[in-house]
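Every letter in the sequence shown is one number past the one before it in the working numbering, and letter 59, counting from 1, is 236.
Heads up, some of the hints might be wrong.
[Claimed, not checked] Subject to a maximum C-alpha distance of 25 angstroms in a straight line, what follows is the list of computed BS3-like cross-link-like pairs (lysine-lysine):
1. K220 <-> K201
2. K221 <-> K209
3. K254 <-> K201
[As the list claims (entries may be wrong)] Distance ranges between label pairs, derived from CB positions:
4. C206 <-> K254: 15 to 23 angstroms
5. K209 <-> W262: 12 to 20 angstroms
6. N279 <-> G205: 28 to 36 angstroms
7. E225 <-> K254: 29 to 37 angstroms
8. R194 <-> C250: 30 to 38 angstroms
Source of the hints: derived by calculation from the structure; they are not laboratory data. Given the structure is predicted, the values throughout are model-derived calculations rather than measurements. Don't be surprised by glycine CBs; every beta carbon is placed ideally from N, CA and C.
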Amino acid sequence: GNRNLTQSLRMPGKMMRTRRIGLKYCGGCNPKYDRMQAVESIKKRLEEKVDLVSYEDPDAEETLVVTGCPTACVDLKPFEGRPLWIVTNLREVACFIETMNNDHHL
Numbered sequence: 178g179n180r181n182l183t184q185s186l187r188m189p190g191k192m193m194r195t196r197r198i199g200l201k202y203c204g205g206c207n208p209k210y211d212r213m214q215a216v217e218s219i220k221k222r223l224e225e226k227v228d229l230v231s232y233e234d235p236d237a238e239e240t241l242v243v244t245g246c247p248t249a250c251v252d253l254k255p256f257e258g259r260p261l262w263i264v265t266n267l268r269e270v271a272c273f274i275e276t277m278n279n280d281h282h283l
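Using the sequences plus the hints, can you model the full thing?
Following this line, the structure appears as structure tokens:
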């Protein structure tokens, strides 16, 4: 379910903080998989750990760029200074989910 981020940050104990990750899609000129469905899978599998927000959200701590093919032609300059994740296929989407699930130092 939805968790209040401010409350999570202020409350000591075992409550984990939700990561705010800005989401950016490529232009979709040559998609090799359903990017929207992949993002829905990420949201569902990581609902307790990740809050996907607009890449323009100033509170986003990281950026996830979802590209439809290996070319990954998205301009990455706007994301400099933030940790950046780029997924170009379903295997990489699965790896992103696994990485987020195994990240225990939050």
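Tested hints:
1. K220 <-> K201: 14 angstroms, holds
2. K221 <-> K209: Roughly 22 angstroms between the alpha carbons, so the hint for K221 and K209 holds.
3. K254 <-> K201: 13 angstroms, holds
4. C206 <-> K254: 15 to 23 angstroms: 19 angstroms, holds
5. K209 <-> W262: 12 to 20 angstroms: 18 angstroms, holds
6. N279 <-> G205: 28 to 36 angstroms: Because 30 angstroms falls inside the window, the suggested range holds.
7. E225 <-> K254: 29 to 37 angstroms: 32 angstroms, holds
8. R194 <-> C250: 30 to 38 angstroms: 33 angstroms, holds
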